[in-house]
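Put the two chains together into one complex; each comes in its own frame, and the hints tell you how they fit.
As given, the protein sequences belong to chains A and B, one line each in that order.
All letters in the first sequence, in the order written, are residues 1 to 273 by the UniProt record's numbering.
All letters in the second sequence, in the order written, are residues 1 to 343 by the UniProt record's numbering.
Hints are not guaranteed to be accurate.
Unchecked claim - Which stretches of chain B does chain A cover? Using the computed rule of at least three CB atoms under 8 Å from a CB of chain A, they are:
| no. | stretch |
| --- | --- |
| 1 | 225 to 232 |
| 2 | 239 to 253 |
| 3 | 282 to 291 |
Don't read these hints as lab results, they were simulated from the structure.
Backbone N, C-alpha and C define an ideal beta-carbon position, used for all residues, glycine too.
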Amino acid sequence: MLKARNLWKAYRSRHVLRGLGVSVAPGEMVGVIGPNGSGKTTLIRLLSGEERPDRGTVFLDGEPISKWSGRERAARLAVLPQEGLPSVPFTVEEVVSMGRHPHQSFWPWAGSTDRESVERALSRSGLARDRTRRVDRLSGGERQRVAIAKAMAQEPKVLLLDEPTTYLDIAHQQTILDRIQQWQREEGLAVLVVLHDLNLASQYCDRLLLMKEGARWAEGPPEKVLTPSRLREVYGVEPVLTRHPVTGVPQVLPAPGNQNPSRGAGAPVSVEL
Amino acid sequence: MKQADWLIRLIPWTGSLTLLLMLAMGAAVSWGSADLGWIDVWRVVASRLTGSPPADPAADAIVWHIRLPRVILAAMVGAALAGAGVVFQGLLRNPLADPYILGVSSGAALGAALAIFAGLGVSLFREWTVPVWAFAFASVALLFVLGLGGRAMRTETLILSGVVVQAFFGAMLTFVIAVSSAEEMQRIQYWIMGSVALREWHHTCAILPFLLGGLTVVWLMSRPLNLFTLGERSAGHLGIAVRRTRTVLLLAATLMTSAAVAVSGTIGFVGLVIPHMMRRLAGPDHRALIPVSVLAGAIFLVASDTLARMVMEPRELPIGVVTALVGAPFFAWQLKRSIRFGG
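One chain only, chain B, in its complex shape (with noise of 0.2 Å):
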């Protein structure tokens, strides 16, 4: 007798991404410009891990204090962001509801550049400084998406009212960038179209709390959440507190995409891309589809910010170029299906 469909689902599924995340984290830690063979790479990371004094030093600076927390950050973004994919799609009922197309991700990107560049509230929140003020402009974004949108998403609603939501914090975006210094205004730029670079051990420790406590929300929610797919009536008539319920997963989804807004700006179409291949894999239980999808989404990131630095050596693309070159097409893929089923 079968005990749980979800447990068989979820054990060999996260098995096998851990594997697969680990692996992807040492080829992206390896490759790169600077010739380091895998071994040099290694015997750095074994160094720092064993407390022993490095034996290069320039190896040493290159994989610890560059590559590394670049790598990091990268699978904690992608795991953010699809986490909060996966959350929106089951609330809003919709498969194409995602941050960065609910305009979830602009208001957190206008928050953290208002942070980042106005240094408000500094003495305040301290290093989390950025991530708080994201939180709070992300979630006023999704304020105005729910209002314009409703409860149960219809795709073009769903679409629109992210429209509309995007183009008014897109536009104070571009305000905030217009009253910025020449040289700011380009770091800005770069930082809007999404990219993990040049970030260091204490962005991955910004995020790391928000990710960690938004996911473990998250997935101890997970069953309410499956009953929430059948309809907020029927969640209700099933015993759950579905206005309570409802607040608390969209806040802590909203925190995910804050957080990693906050640390590498809007990245595209992960939170949509990864949610629907791992429902192929893993069914829709949101127990086992959750884990699963956080596992991939921080695969697809490492992976596409290893292509974004290697496709065009020795220039970096940025991250969100790579990731809305592979969600565009996915998504007006999607999009089509959902309209001829009149999702």
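This is chain A alone, in the form it adopts within the complex (with noise of 0.2 Å):
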């Protein structure tokens, strides 16, 4: 659905992304992590059509990203940016109504054809009673929903999401993941998705792509790419690594530097549970 080759891309002559290549199949989330730096929202700069790469190229839909025009590639692909919805006095429903610009023709009155998606979307992302709310009333959690339902009225094959979950506490952060998750699986939605928390990323992501300084380091199912080697050769720190109580997947806490009792040896610490 989303395939990008040999990416390159420097920025006043400091590379940032140094041959990436990736790929999201339909149905899939794919996790992208990797230090500050490593070039992830620069991918996702690339992969959403923003910039274009020095090298390589993009593929959406089997066609060169370049070849689709705006709105037939936001036809197709959506974007939750890091910053989120900034504060506007729109109102929730006026505001997922936005998402559905790619669909509608370019007249000003366009779009009365619309509220079944509109509709739906409100409906699947809980916000139906919350409708008539001002988007500048709302709280980061609470709009980041209204920007996951905009992108679903949207009706994309591919989501690209930028950290969605930083400034979420634990509860939003779940129910973003979670929403996306069920959408992705109910729709057969490509969803590429770059998270800070490694923990998060294990728990919801089917493959993970461990970037470090622009290039691909590692890539596979999270048990693969998490692992203590690994972390230490891409974050230069050793964290311990568990496994989730529940679900099984690696999880990896924080080893303070004062209690780490292989600090200074060298020798990673794992539990096998």
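Structure below.
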């Protein structure tokens, strides 16, 4: 559905991406992890067609992404940027309706036939009762739900998310990712999500792409990617790895310096349950 | 099931504001120093509209050649400034953006002054000379502001870049005034303060196409303008050609501003006060907000001009004085709010 080959990108001669390739299939959730400055956000910008790579190509729906017009692209691919929704005086329903833009004609009065999609997006994201509330009076977590509902109304085949849970509390983190996962499974959506939180990434993603300095360091299912040696190589720390007591996926716990018996010894700690 | 909120807001508000505008214009034409009754005034208008010879040539001259062009011009200038204000505010995502505060008006004023008093390019542009030069200089001023302030403007940046641009173009304008003759100097001074006095039908005709053209473009792009309030990146993700849309909207708003400045000088704060008030009435959706603000701007300026004529009769105040008396305190209040909320 979305595929990128050999992406290179430099800003002022500093290479941010070095020959990165990635692909996301329908119904799959791919997590992109890596330390700050490893090029994750740049990857999102290139995959969304917002910027062009210096070298390499992004393919969306089988065509190079630059072949699509803005509208055609937006009808296939939605993006949730890191900043989330700004504080606008529009109502929830109005903002969700804005997601219909790529499917509407040029005229200002277009869009009265899009009610159904908007309604579905509202009810699926649990916002039907909040439709008349103003977005600038919502909390950060609620706003993020509106942003997702807007993306749902857009009816894309691919969804790109740039750290959608960074500023949210644990309840909202879980709700947001649950909603996206449900959407991905029900409609065969292809999802690529940049996550800082390795545990959430491990929990929700089918496949992880671990980046270091603009290139792929490791890729595969969470168990294969989240290993002590890889994390040490990429992040330069030696965390404790354990398994999620319920789902069994790998979970990463920080090991504070003064309490880590292996510190300095170079041996990562891994607990197998 | 409600189909479209914006239509529900648009229709009653445009309806009632159109009615109010008609009333305001009727009142403005009827009130004035020459002792004319309402009936005399409307008799003149009726005779002109039906093409029959005027019953009273003096009344005809006053109403048809002095008051009516002035009132209609005031309405058009108010409409243009309010429309431009809505667009600037939407695009820059800042409720304090206004052609006057951004310095676009002072750019237009310099262009217009050069055209009026140096007569550059008259053979080429004829009756459009002043608006064309105003537009050229206003665009330069806007480029400066955007170059200084960047895309999504924080309030401080917006005001500071506006100040810098105004200072520069203001100085150039002062220079033009300084090198003109004493008689011209007084005319320019009065014109800079903003006035629709002594305007004739050809002034009205000179700005009408710019106003109508600009408004049509802006309203047709009102839905993309809504998406811009979510941020330029989000607008792009929704399929908007961000650069092209932004450029077209900015040019249209600048064009409307320039047309207004070309005939009436710099009248401040209309583009600030009116969109803000109308957002409360008609909501933030630009499909309703633009027409409603345009009508309200027209009413506001007709009323301000009437006040400017009447307050110190028989002397006249420049209309810019009246709008600033209303607008500046309003601006201060908004500024305070925007700083408190980290706008």
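Evaluated hints:
no.: 1; hint: 225 to 232; in the structure: holds (count 5)
no.: 2; hint: 239 to 253; in the structure: holds (count 3)
no.: 3; hint: 282 to 291; in the structure: holds (count 4)
Hint violations for this structure: none, all hints satisfied.
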